[in-house]
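A.B. asks: Chains as they are written, first to last, in this note's numbering: chain A, 1 to 374; chain B, 375 to 532; chain C, 533 to 818.
Any given hint might turn out to be false.
What the hints assert, rightly or not - In silico DSS-like cross-links for lysine-lysine, where the CA-CA straight-line distance does not exceed 25 Å: (1) A:K210 x A:K238; (2) A:K18 x A:K113; (3) C:K698 x B:K475; (4) C:K699 x B:K475; (5) B:K400 x B:K385; (6) A:K18 x A:K83.
Because the hints were derived from the structure by calculation, they are not lab data.
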Amino acid sequence: MRKKQYRLERTHLNSLLKLLREEGYQTYGPVRGELAMEWAPLTDVGELPRGWTSAHGPAHYRLENRGGESLFGYRNGPESLKKFLHPPRARIMKAERNGGAFRILEDRPAAAKRAFLGVKPCDVAAVAALDRVLLNDRYSDDIYQANRAGLFLIAVHCTECAETCFCASSKAGPQAKTGFDIALHERLDGAMPEYFAECGTAAGAALLEKTGAPPAPPEWARELADACALAAGAQQRKVDFSSAAAVVERNYDSPRWDDIARRCMACGNCTQACPTCFCVNFEEHSSLDLQTAERHRVWDSCFTQNFTYIHGGSVRLSTKSRYRHWLGHKLARWQQQFGSPGCVGCGRCITWCPAGIDITAEFEWLKAGAPAAI
Amino acid sequence: MIPTAVGAALKDHPFLEGVPERLLDKLSQLAFEVTFEEDQIIFREGDPSSFFYLILSGLVALELAAPGRVVTIQTVGDGEELGWSSLMSRVDKQFRARCMKPVKALAFDGARVAAECEEDHEFGYLIMRRILVTVAERLRSTRMQVLDVYSARGGQIK
Amino acid sequence: MSLALETPAAAERSVMEPVAARLASVAKETHDTFTLNLEPPEGDPVAVFQPGQFSMLYVPGVGELPISISGDPERREQLTYTIRSVGQVTYQLVTRRPGDTIGIRGPFGTAWPMKESRGKSVLIVAGGIGLAPLRPAIYHILRHRGDYNRLVVLYGGRSPRDLLYKKEFAAWGMLPDTQALATVDYGGVSWRGYVGVVTTLFRHVRMQPKETVAMLCGPEIMMRYASRELETRGIPPEQIHLSMERNMKCAVGFCGHCQMGPYFVCKDGPVFPYTSMKPYMDLYEL
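Can you build the whole structure from these sequences, using the hints too?
C.D. replies: This is how it looks when you write it as structure tokens:
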């Protein structure tokens, strides 16, 4: 059966938000913060960053107003959906002491229903990547599971990319193919944008039907594919994921890692901005009277000294070994572990690296044994 | 041919595995069997090196003493050699060798074996090669011990 | 009083939630190492383990650590752990008193290949505290003695006073078709056993390499040279198994800390065939 396709106007988007709220969802959208794009509660499309975009480069990010009526011309800010699905800090348990004994207090994560409007294809793919780690592997993380179960995704295809984007390499974009409830293509040929909407799930289909939007002209699907192909072709950065395992293995002792380490500050910005980096650490908190203790889970980074600590010392002592681990995991070993790359090509790690280290350029250098032509 | 019990023991000793008969013959003429009782001292640290032993059975502790402690740094037992320094000129014994269990061994006058090595380089090469393997093994073991891998710090250098 | 009963049943528990177990006894093994016997709630799956697996032990307000199970897998009423006090959490664990509560999650990880080793000889090579995760394998073999050929236990420690389970170890050596040899890095005057690294014991082992399964646990440097040496001595690499140690915070593959090459040591290990580890063991700072 052919998927039903709709022609939406701005008012239909508001209907979507309204309908979602009626179904108990908190609705979120990309909102312009003081210095960067953020994910924030959104009840009306008027709050979307109309006319705004941003310029990206290694260690460079600037919001720019270019005017016009586009609601989704924004580019990804440092935040992804990771902070909602896999929160930076979460209490995982609580214990109450009674002398030398204690009891564990039940502490099940509350299910959250959240709908996101305007998610870029790379971030949709990032959710699928997190699913493979935290949901569909040997064990399921109950916090992630609770947040994930209540997730509703309205994706927006990309018809223009930031300078740092390389989603065509990871095949996450620029056209979202899967993983969304609804996907939108913002068409800017008229005076006011129109939206080509497709559903990815039954829930998405039901919601679109309820908006009362008319069907989309049949040629819109093709025009979407063409526009995305054009965007893909314009991407300057590329990563050959199929060769990643061999490149990483072959270059284990490459002096390039030392060169990177002279630039890398091991700050961990790349891992925090990455929409798929999932590593966490645990913290113990006791009340002053020592009667209760809480265990918290917090985001961690493989760039920290203690990340690999075992009695006696840390396995990865040098910065070069930590960068090598991170790059190797993202591009190569994640594929061995979970069947697809841990990198979706969003380019955040390039933009938000204070030293402007570019994972694509470093990989290209290792692959070719020479600097990449960027 | 090697008719003697000494010769048969030589032939079976792992230290000499694969050594041609001609050279085993030569060695057997230099060898004699010795026994030591439990706790008997075979040699002391600082003794001029004299004998080289191939241990047939038993266990010998190589010890070092400092005020307040005597440390065994290595044990050698059946199938191993003891006293390789006796084959080098002007090297005194580095450790004390004490029997932890009664020991039976083949003993060689180090100086005579060394002289024979000088005389017959093929013989000398085979002996030296085997000594080197032993010394390399001891060196490797010593490095591992120095790393102190079982300590609470897991072999990390402070 | 059994507070443990207030722990939610296993089916309702998240993988991150410990079950409260009662500390039955603490026994001093050496100057810094203690064996704890814990009583989990009756019938709780936390107590059903295979040799080589580990649990996460938790002291509220202090922290949680992966600890190998060192007891008999067929004694379900108690879980036994041998813990060396080297840090804050291990110190807190070994200084608990009988009757106190300790949190347990698990069991986690892969096990020693007990089934695959049937009909073969088993060579156990342990270093330091590494004997603890191997002891359940030894118990299993001794309980099912007819299923296995020879049993050889080689054990290297720092000094005689650091050796674990001394009486038990001596008893193993007295059993038929069993060798139990210990060596130390530094011996004192009263030590009448071997002195030297654990590989120096290999020459005393009597078994057919091709029909032998080797199980190794100890400091990584020791396992590296021991596995190389065993391969040289003719044990097929796929019959050599190692228990690896990495920083394991969650035990279920979520925290990312324990990665070693393509593996998560917590869920893909800790027990690995040497064939899997070989490409990675010699890579520095992997």
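A.B. asks: Output the indices of the hints that this structure fails to meet, ascending.
C.D. replies: 1
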